[in-house]
Amino acid sequence: MKAQNKTPIYWSLLNYKDWNLYIAATKKGLCYVGSQNKQFEELSVWAEKRFPDSPLVEDREKLLSFAAELIEYFDGNRKDFTVPFDYHGTEFQVAVWNALCEIPFGETRVYSDIANRINKPAAVRAVGAAIGANPVLITVPCHRVVGKNGSLTGYRGGLEMKTRLLELERQGSTSDECK
Numbered sequence: 347m348k349a350q351n352k353t354p355i356y357w358s359l360l361n362y363k364d365w366n367l368y369i370a371a372t373k374k375g376l377c378y379v380g381s382q383n384k385q386f387e388e389l390s391v392w393a394e395k396r397f398p399d400s401p402l403v404e405d406r407e408k409l410l411s412f413a414a415e416l417i418e419y420f421d422g423n424r425k426d427f428t429v430p431f432d433y434h435g436t437e438f439q440v441a442v443w444n445a446l447c448e449i450p451f452g453e454t455r456v457y458s459d460i461a462n463r464i465n466k467p468a469a470v471r472a473v474g475a476a477i478g479a480n481p482v483l484i485t486v487p488c489h490r491v492v493g494k495n496g497s498l499t500g501y502r503g504g505l506e507m508k509t510r511l512l513e514l515e516r517q518g519s520t521s522d523e524c525k
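Residues 347 to 525 (our numbering) are what the sequence shown spells out, left to right.
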């Protein structure tokens, strides 16, 4: 009975070309974008931690606007996301996630850039932890953060997914310059 009073989390599997990932939203907005080719368990474990006792309800219709923007991004036709978000974290995490949203499409930043952006220059490791806790991959572009020497560093979706996203954006940035 308790779960009926909790906010439902609507979810769907987004299958588009060779992208396969779970997405989820509440009535307030997108709350989760999963890792490429991961099982449903990734979403269910996350939901139980962040939204305890909230029912997970499969509803492709409720996720259409979120899926549409992700598909536009995958096709190279979207650089910014306009869907509402419903992400929950500490004040520090939310500050980091908001700073990530300011990184322009096709560009990268290092962890210290994000720490400086939120006026916490000594909190580089904490910034890394907050980035790792980002629940909405791609749309909050944590893939745009790289190591100090430009190397690819950890990513919840895996380094293969991070590489693909950066390459997709690099190609999109190059095609804009040619127009």
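Source of the hints: derived by calculation from the structure; they are not laboratory data. Everything numeric in this text was worked out from a predicted model, so none of it was measured. Just so you know, not all the hints are guaranteed correct.
[What the hints assert, rightly or not] Here are the simulated distance ranges between beta carbons:
#, residue 1, residue 2, range
1, 462, 373, 34 to 42 Å
2, 390, 475, 20 to 28 Å
3, 471, 509, 30 to 38 Å
4, 468, 405, 40 to 48 Å
5, 451, 394, 31 to 39 Å
6, 418, 465, 16 to 24 Å
7, 365, 496, 21 to 29 Å
Heads up, the beta-carbon is just placed ideally off N, CA and C, and yes, glycines get one too.
Verification of the supplied hints:
1. 462 / 373: 34 to 42 Å: holds, 35 Å
2. 390 / 475: 20 to 28 Å: holds, 23 Å
3. 471 / 509: 30 to 38 Å: violated, 23 Å
4. 468 / 405: 40 to 48 Å: At roughly 44 Å between Cβ atoms, residue 405 and residue 468 fall inside 40 to 48 Å, so the hint holds.
5. 451 / 394: 31 to 39 Å: holds, 33 Å
6. 418 / 465: 16 to 24 Å: violated, 33 Å
7. 365 / 496: 21 to 29 Å: Taking Cβ atoms as reference, residue 365 and residue 496 lie about 26 Å apart, which means the hint holds.
Hint compliance for this structure: hints 3 and 6 are broken, all remaining hints hold.
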